[in-house]
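A.B. asks: Sequences and hints are given; from them, build the entire structure.
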Amino acid sequence: MSRPQSRLLQTARVAFLITWTLLIAFPLYWTITMALKPKSEWTGTTWFPSKLEWSNFAEVLIPGYGDDGLSFIETPIKDALGPLKDSLVISVGGTLLAVILGTAAAYAISRYRFGGSLLPFNILSVRMFPPIAAIIPLMVMFSTVQLVDSYVALILVYGGLTAPYAVWLTKSFIDDLPRELEEASMLDGNTRLGALTKVTLPLIAGSVATTALFVFIVIWSDFVIAFTLGGTNVEAVSVRIASLTSATQGQLYGPQAALGLIAALPAIVLGLSIQKYLARGLTFGAVKR
Amino acid sequence: MMTVDMRERRPEAQSRSGETAGGAARRQARERRRLSWLTSGPLIVVLLLLLVFPFVFNIWVSLTGWQINQGDWWKAPWIGLDNYQDALTDSRLWGSLLRTSLVTLVCVLVEGGIGLVLALCFAEKFRGRALLMGVTIVPMMILPVVNGFIFFMLFQSDGPVNDILRTDKAWLNDPWSALFVVALSDIYQWTPLMFLIMLAGYNAVPPNLRSAATVLGASRWQEFRYVVLPLMRPVIVIALIIRAIEAFKLFDPVFILTGGGPGTSTETISVYLYKVAFNDFRLGYAAALALVVLILLSIVGMRAVEQVEGRVKSQKEETVDE
Numbered sequence: 001m002s003r004p005q006s007r008l009l010q011t012a013r014v015a016f017l018i019t020w021t022l023l024i025a026f027p028l029y030w031t032i033t034m035a036l037k038p039k040s041e042w043t044g045t046t047w048f049p050s051k052l053e054w055s056n057f058a059e060v061l062i063p064g065y066g067d068d069g070l071s072f073i074e075t076p077i078k079d080a081l082g083p084l085k086d087s088l089v090i091s092v093g094g095t096l097l098a099v100i101l102g103t104a105a106a107y108a109i110s111r112y113r114f115g116g117s118l119l120p121f122n123i124l125s126v127r128m129f130p131p132i133a134a135i136i137p138l139m140v141m142f143s144t145v146q147l148v149d150s151y152v153a154l155i156l157v158y159g160g161l162t163a164p165y166a167v168w169l170t171k172s173f174i175d176d177l178p179r180e181l182e183e184a185s186m187l188d189g190n191t192r193l194g195a196l197t198k199v200t201l202p203l204i205a206g207s208v209a210t211t212a213l214f215v216f217i218v219i220w221s222d223f224v225i226a227f228t229l230g231g232t233n234v235e236a237v238s239v240r241i242a243s244l245t246s247a248t249q250g251q252l253y254g255p256q257a258a259l260g261l262i263a264a265l266p267a268i269v270l271g272l273s274i275q276k277y278l279a280r281g282l283t284f285g286a287v288k289r
Numbered sequence: 001m002m003t004v005d006m007r008e009r010r011p012e013a014q015s016r017s018g019e020t021a022g023g024a025a026r027r028q029a030r031e032r033r034r035l036s037w038l039t040s041g042p043l044i045v046v047l048l049l050l051l052v053f054p055f056v057f058n059i060w061v062s063l064t065g066w067q068i069n070q071g072d073w074w075k076a077p078w079i080g081l082d083n084y085q086d087a088l089t090d091s092r093l094w095g096s097l098l099r100t101s102l103v104t105l106v107c108v109l110v111e112g113g114i115g116l117v118l119a120l121c122f123a124e125k126f127r128g129r130a131l132l133m134g135v136t137i138v139p140m141m142i143l144p145v146v147n148g149f150i151f152f153m154l155f156q157s158d159g160p161v162n163d164i165l166r167t168d169k170a171w172l173n174d175p176w177s178a179l180f181v182v183a184l185s186d187i188y189q190w191t192p193l194m195f196l197i198m199l200a201g202y203n204a205v206p207p208n209l210r211s212a213a214t215v216l217g218a219s220r221w222q223e224f225r226y227v228v229l230p231l232m233r234p235v236i237v238i239a240l241i242i243r244a245i246e247a248f249k250l251f252d253p254v255f256i257l258t259g260g261g262p263g264t265s266t267e268t269i270s271v272y273l274y275k276v277a278f279n280d281f282r283l284g285y286a287a288a289l290a291l292v293v294l295i296l297l298s299i300v301g302m303r304a305v306e307q308v309e310g311r312v313k314s315q316k317e318e319t320v321d322e
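If you read the sequences in order, they're chains A and B.
Going by the UniProt record's numbering, 15 is the number at position 15 of the first sequence; the sequence numbering is gapless.
Going by the UniProt record's numbering, 204 is the number at position 204 of the second sequence; the sequence numbering is gapless.
Please note: incorrect hints may appear among the correct ones.
As the list claims (entries may be wrong) - Selected chain A positions facing chain B (in silico; Cβ < 7 Å):
#1 F16
#2 I18
#3 A163
Stated by the list, open to error - For lysine-lysine, the following DSBU-like pairs were computed, each having C-alpha atoms within a straight-line distance of at most 35 Å:
#4 A:K39 x B:K275
#5 B:K125 x A:K276
#6 B:K275 x A:K85
#7 A:K51 x A:K78
#8 B:K275 x A:K78
#9 B:K169 x A:K78
Rather than coming from a laboratory, the hints here were simulated on the basis of the structure.
Cβ atoms here follow ideal geometry from the backbone N, Cα and C, with glycine treated the same way.
C.D. replies: See the structure below:
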């Protein structure tokens, strides 16, 4: 089907791929080695750490590490287990909310053209505006019900703001399902609701799981909402990472890189596992495969 | 919303005696509508809460001189349209809008271009393709905050980039080079997404069309230019628009890399909005700015969203996939 490539084109392709991979790898290499560098090598250009220093990871993962003077950082930092837990709670909660609300709405939009083109349009435009524009009113709203800086507030906001992804992604999956399956089930005496729960839902379960992973990554990675709407009671891991940057006691490069890698790991693992659907998700189902 | 009509639980009584065909159709339509509201209602309520309330609230507050040290918002002095008047002549607002547009434009085009080339490179199978693809898309899954931090490290004046270039430039202290680093971090993070979308677009081009071009004696370039590219056009448009929408909200890397500085020279619109509200505590003015941005974005962005929608529909009709 495809013809043999010319030598020149082949060489250019390989050269481009190698260059690109090196460009991609260089920042990653620097971050990984930074997480393993002793303090004396944090600044400056040590390309190869003189020894592997695991204290950076211990600082952010082991509670009380360094309090007994074991650490090489003068003022030991708080471990990041709290933020990791907080991020997990709001990401899982937000994902569940987005997927439940989104899947339900996607069904009506896909099957019954509910809301014509206006509803899906409005849902999509949610993603258009900078969330920061809505933050102050949301803070006021949540403070009147005593929910500022709480799991509930963050789950609600994240769930709502990522729901468009869930709606459009799930809609694209439901669109792929032949409508006849439901009609057949209804001829067999099932109600519409019955057909939905007994036929359609099981068939899209896998797709819904994919959507959930996708939404999870989006929430897990976010910073600005957790930063402004959370803070002390609920501190997302992204917020902790950023606060290590602005710490006045000097840059904590090592622990920061370590925590950054720890935080990135779940997103990378999940992301690679749904690799096929990343493009579809981030284009709201417009691009398939 | 919770009151499901019990009739729905009964089997479809299509053969109910004495019912006209029109009646059955109407009943079906009614049932569909009920199910639609039942399933979409909760989402609509949440979105109204998260969007309409802030919108209305912002309108109110934007007409006041509310500052955080003045206490509750309903006690803030009423100042009419003063905030809007200030916004019109606010050079930081227009500067940040212009800057955000510039960064968005540059980033989206570069990301799209590299993404397309990468997609063509990965179009055919080769040994190690899966592994290399995995590596290529890792950056898009790193947290944007971490991504900002990575570029912060790399571009320190005693950092590795200067070491490679044999310079000692203070990248983040100069307006243009700081903006360049911001753009670079965005390109690093989001080129993989463009690549994935472009690859999907390429794969959706029917192979027989490409081989037909070959049979007709088209060169590789001609095949790409006159067969592949036109067929990929819708996907490319979607990719550029969606990336532009997201890029316009750019906040995290700027916040980490430069905090909008030096001075105000790398402030994006999100960063500026943040600073007015959370550093200057001018909440009334922040609300006015948010609304101005909202209106501008509605004019430009709604058209963009419509485009995406149109593409989604036409794509589905053509069923150019899988």
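A.B. asks: With reference to the structure, classify each hint as holding or not holding.
C.D. replies: Hint check results:
Taking 7 Å as the C-beta cut-off, the interface hint given for F16 (chain A) holds, the closest approach to chain B being about 6 Å. At about 10 Å, the closest approach between the beta carbon of I18 (chain A) and any beta carbon in chain B exceeds 7 Å, and the interface hint on this residue is violated. The beta carbon of A163 (chain A) is positioned within 7 Å of a beta carbon in chain B (closest approach about 6 Å), and the interface hint is therefore held. Taken as a hint, the K39 (chain A) and K275 (chain B) pair is honoured in the structure, with Cα atoms around 33 Å apart against an allowance of 35 Å.
A C-alpha spacing of about 16 Å is found between K125 (chain B) and K276 (chain A), which places the hinted pair at or below 35 Å, so the restraint holds. Restraint check for K275 (chain B) and K85 (chain A): satisfied, since their Cα atoms lie roughly 29 Å apart, inside the 35 Å limit. For the hint pairing K51 (chain A) with K78 (chain A), the CA-to-CA distance comes to about 24 Å; that is within 35 Å, so the pair holds. In summary, the hint linking K275 (chain B) to K78 (chain A) is supported, as the alpha carbons are separated by about 27 Å, within the 35 Å threshold.
The hinted pair formed by K169 (chain B) and K78 (chain A) meets the criterion: a straight-line CA distance of about 34 Å does not exceed 35 Å.
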